[in-house]
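Visitor: Assemble the complex: chain A is given as a structure, and chain B must be docked to it using the hints.
Keeping their order, the protein sequence lines are chains A and B.
Position one of the first sequence corresponds to residue 1 (our numbering), numbered consecutively onward.
Position one of the second sequence corresponds to residue 1 (our numbering), numbered consecutively onward.
Worth double-checking, as some hints may not be accurate.
Straight-line C-alpha distance at most 30 Å; calculated DSSO-like pairs for lysine-lysine [unchecked claim]:
1. A/LYS494 / A/LYS390
2. B/LYS2 / A/LYS8
3. B/LYS41 / A/LYS148
4. B/LYS41 / A/LYS8
5. A/LYS47 / A/LYS8
6. A/LYS230 / A/LYS193
7. A/LYS212 / A/LYS230
8. A/LYS157 / B/LYS41
9. A/LYS212 / A/LYS231
10. A/LYS149 / B/LYS41
11. A/LYS509 / A/LYS522
12. A/LYS237 / A/LYS313
13. A/LYS209 / A/LYS110
14. A/LYS212 / A/LYS193
15. A/LYS110 / B/LYS41
16. A/LYS47 / B/LYS41
17. A/LYS522 / A/LYS511
18. A/LYS231 / A/LYS313
19. A/LYS8 / A/LYS193
20. A/LYS509 / A/LYS231
21. A/LYS231 / A/LYS511
Here are a few chain A residues that face chain B, going by a calculated C-beta distance under 8 Å [what the hints assert, rightly or not]:
22. SER7
23. TRP29
24. ASP42
25. VAL71
26. LEU529
27. ASP533
Simulated from the structure, these hints should not be mistaken for lab results.
Yeah, the Cβ is synthetic: ideal placement off N, Cα and C, and Gly gets one too.
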Amino acid sequence: MARRESSKPLVVFSILGTTLDRANRAQRWERWRPTVDLCRHDDLVVKRLELIYPPPARELAELVAQDVGSVSPETEVCLRPLDFSDPWDFEEVYGGLLDFTRGYRFRPEKERYLVHMTTGTHVAQICWFLLAESRHVPGALIQTSPPKKRGVGQVGKYSIIDLDLSRYDRIAQRFGVQTRDNLSFLKSGIDTKNAAFNRLIEHMERVVKHSKAPLLITGPTGAGKSLLAKKIYALRKQQRQVEGQLVEVNCATLRGDGAMSTLFGHKKGAFTGAVGDRPGLLMAAHQGVLFLDEIGELGLDEQAMLLRALEDKRFLPVGSDREVESDFTLIAGTNRDLWLRVEEGRFREDLLARINLWTFELPGLAARPEDVAPNLEYELDRFEEAEGRKASFNREARERFLTFATGPEGRWPGNFRDFNAAVTRMCTLAPGGRVDVPTVEEEVSRLRAQWRSPSARVAPGPVQPSLPEHILEGLDLFDRVQLEAVAGVCREAKSLSDAGRVLFAESRKKKANPNDADRLRKYLARFGLTFADVSS
Amino acid sequence: MKLIDGAFGEGGGQILRTSLSLSAITGQPVTIQNVRAGRAKPGLLRQHLTALQAAARVCGAEVEGDALGSTTVVFTPGAIQAGDYAFQVGSAGSAHLVLQTILPILLAADGPSEISVEGGTHNDHAPPFEFLAQAFLPLIHRMGAGVSATLVRPGFYPAGGGRVVLRVAPPGGPLGPLEVMERGPLAGQRCQALVAHLPYSVGQRELAAFSARVTWPTHGLEVVPMPASLGPGNAVVAELRFAHVTEVLTAFGSRGIRAEQVGRGLADQVRAYLSADAPVGEHLADQLLVPLAMGSGGRFRTGPLSLHARTNIAVIQQLLDVGVEVAQRDDGTVEVTVGAP
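One chain only, chain A, in its complex shape (with noise of 0.2 Å):
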């Protein structure tokens, strides 16, 4: 028989009413206090009462507690003071609540939570409405009322208001607020207007509050899919939807013998090398979220069990004999179709029949135009809290690169990596942290020669030479085709060391003193050549 809901110790959350469950000492007895009532149903059992109350009423409380102790010796009483200068403010309110549930620990698998609506200001109830709706509180709301009949101690009634069903949706619709703030979380923040884009943002929100069911995101590199992966595991974190950590990991570092006891673990001595027990990462991400990027790339041994995983939520770890349990949620993400994979017998169809209840295909820049004013404004707020010093656009500058990025021109095949580092290069160049007319321009001609031939940078043919015949004697293909994309950079930049930024501007990302210049310099040497000798 399974254990019921109802089973679980039940948490009540109430304010004291300092009208409502105030009464005379002598007569308290005679009068209905919902907070007392709350605990005197012979069907409903309180486990423990968080009682809220203003600190001046401490001797009401006490007192509240005391009776409560004394009709429900079941229940035990934790005093929590709050103070609210004034209780009908909104703002303090909620900010005083939802400072209450966020510092709460909420135990949702082994304890039952219901808020209790009958004390405290309208605005109180109003509060604790939002605050259950947005899942801040993960409960349910109870409403009390007076027993029809007078007499002493008639208990009055009571109903429990889940908002989780559907019946309240009309409701729950009218109190948007939390759910525009949890929009907003998605996009960290940006106000996007691409209207394609906002709504696979507000399907997702939905999907993230109300399912557990695995995600796939795809999208072309750069379109954003890792950080949104972070946001959607901080939004179920928040509304405590899990409890673990996120597992970020992406399939295409996962080649040969290894990936399967990474994601799987092993037993200790399960094969040479194997000196203890290792856990595997879709253990570590237990009662978590697993993102998987690239998943694309994953061996197809490992998508058997990972498709075991999801359906039965356990799996054999390598050389061991003993299944183990791991209960996560999984967002996938790929840059692939993974149809197609599946064509060509390289993709499980059932994994991806399992993993594609909800796929979300996230644009790439260039089809947002009306995103880029602004993300770059939060490119500007990104630069300025890792520089920590502000940059900013004059209208001119701000206007030219606008106009160039949103454009025919604003091709963005590297997305937002390639976005974020324009207006990185930019800030950083700028005079004064402000970005003018010419530094604008200068990055117009630089993204140009970015992209004007993809070939030079990554094609893997021969290339129509455009260096003189001597330099290239001798050399192999290889070599070749690394020399002309590198010439074709330096022939477009100013100097040796706007060149190398160009060049390195990945791997510059991660050094704190980038000597660009310096590795320029040096690999032209190797076949004998100068900036000089180029750029010309």
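Guide: Using the frame of chain A, we list chain B on its own:
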């Protein structure tokens, strides 16, 4: 596994309590279905849940369905453990009903026990503490067990918060036989008006109205203030001690009911009991059935059996191999023989 239908007969909590006691004593697992099916709030309420958990603790039972509102309970008893126990029952639910469930179990243990129950001791829904101490336990004592009850603190409805301590020394064998066919001569009578956090005069008025209707010695009338009570409360308790049986009758005071009315109501109960010549009253008849059936049997004479008692007999016969004979007598009373040869 015995299957008990909780919707049967009176369909209330008594079926659950009797089933639990007898399951623990016989070691026979039971499944009780349709628990309290006939009631407005079916399934286990908190006092039933407390009784269930208490029964499970004293015999180390495994329980399924021990949740509020549960309508199916599977109870698999283990060995009965004598010892010290403490239970709590809220909502001013009666401590008596919990004790009633576990007392028979601990009477079958191999050592003495002390049970403390917190909760209501004086409310409308169950016999008060005085009934337990003065009417019921002396009969158990006569069957060979050492039993005593102490009221540490009264718990009136609605505040509750009382505490009763019951000490049990099992007879070291089955309970002996008991026969209550006659009251015997009157040996004493006492009427107490219990008054907690209410004017003393309330008790005086109740006793005055009571004694105006029945013949009662003045020294057997007493107002008893109960300052230890957590909440206010009032009850008038009449104790009639005969040679072979003691009956305790109670009327509760309540807001909106005049003290005189309470006193007169109790007087009417006393007159009815005295005129009926049925030595065992309704409540006592109910409570004696399980101890008689688990022990060496016996006989008693009572008034017409309530549905409650008849349901109880049916449950006992499902769980124990014991005959119960109910014979209607010409004088209007009923003779109940348990373990009839």
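Visitor: Each hint: holds or not?
Guide: Here's how the hints hold up against the structure:
1. As the CA atoms of A/LYS494 and A/LYS390 are separated by approximately 26 Å, the hinted pair is consistent with the 30 Å bound.
2. For the suggested pair B/LYS2 and A/LYS8, the alpha carbons sit about 28 Å apart, so the restraint of at most 30 Å is met.
3. The hinted pair formed by B/LYS41 and A/LYS148 meets the criterion: a straight-line CA distance of about 17 Å does not exceed 30 Å.
4. For a cut-off of 30 Å, the pair hint linking B/LYS41 to A/LYS8 stands: about 20 Å separates their Cα positions.
5. A distance of roughly 9 Å separates the Cα atoms of A/LYS47 and A/LYS8; the hinted pair therefore holds under the 30 Å criterion.
6. Taking the CA atoms of A/LYS230 and A/LYS193, the gap is near 22 Å; set against the 30 Å cutoff, the hint holds.
7. Restraint check for A/LYS212 and A/LYS230: the C-alpha separation of about 16 Å stays at or below 30 Å, so the hint holds.
8. For the given pair, A/LYS157 sits about 13 Å from B/LYS41 by alpha-carbon distance, which is consistent with the 30 Å threshold.
9. Proximity of A/LYS212 to A/LYS231 is assessed by CA-CA distance (about 15 Å); at most 30 Å being required, the pair is judged to hold.
10. About 18 Å separates the Cα atoms of A/LYS149 and B/LYS41, which keeps this hinted pair within 30 Å; it holds.
11. Between the alpha carbons of A/LYS509 and A/LYS522 the distance comes to roughly 20 Å, so the proposed pair stays at or under 30 Å and holds.
12. A C-alpha spacing of about 20 Å is found between A/LYS237 and A/LYS313, which places the hinted pair at or below 30 Å, so the restraint holds.
13. With a C-alpha separation of about 20 Å, the suggested pairing of A/LYS209 with A/LYS110 holds against the 30 Å cut-off.
14. Between A/LYS212 and A/LYS193 the CA atoms are separated by roughly 28 Å; this keeps the pair inside 30 Å, and the hint holds.
15. For the proposed pair A/LYS110 and B/LYS41, the alpha carbon gap of about 26 Å is at most 30 Å, so the pair holds.
16. Taking the CA atoms of A/LYS47 and B/LYS41, the gap is near 20 Å; set against the 30 Å cutoff, the hint holds.
17. Only pairs whose Cα atoms come within 30 Å are accepted, and A/LYS522 paired with A/LYS511 is accepted, the gap being roughly 18 Å.
18. Among the hinted pairs, A/LYS231 with A/LYS313 is consistent with the structure: their alpha-carbon atoms are about 24 Å apart, no more than 30 Å.
19. Of the pairs offered as hints, the one joining A/LYS8 and A/LYS193 is violated, with about 45 Å between alpha carbons and a cut-off of 30 Å exceeded.
20. Under the criterion of a C-alpha separation no larger than 30 Å, the hint pairing A/LYS509 with A/LYS231 is consistent with the structure, at around 22 Å.
21. A threshold of 30 Å between alpha carbons decides the hint, and for A/LYS231 with A/LYS511 the separation of about 26 Å falls inside it, so the pair holds.
22. Evaluation of the A/SER7 hint against chain B yields a held restraint, the C-beta minimum of about 4 Å falling below 8 Å.
23. Look at A/TRP29: its Cβ gets to within about 5 Å of chain B, closer than 8 Å, so that hint holds up.
24. Here the hint on A/ASP42 is kept, as its CB sits about 4 Å from the closest CB of chain B, short of 8 Å.
25. Interface restraint check: A/VAL71 against chain B, minimum CB-CB distance 5 Å, threshold 8 Å, status holds.
26. The restraint placing A/LEU529 at the interface with chain B is violated, with a minimum CB-CB distance near 81 Å, outside the 8 Å limit.
27. Nearest Cβ of chain B to the Cβ of A/ASP533: about 84 Å, over the 8 Å cut. The hint is violated.
The structure fails to meet hints 19, 26, 27 from the earlier list, while all remaining hints are met.
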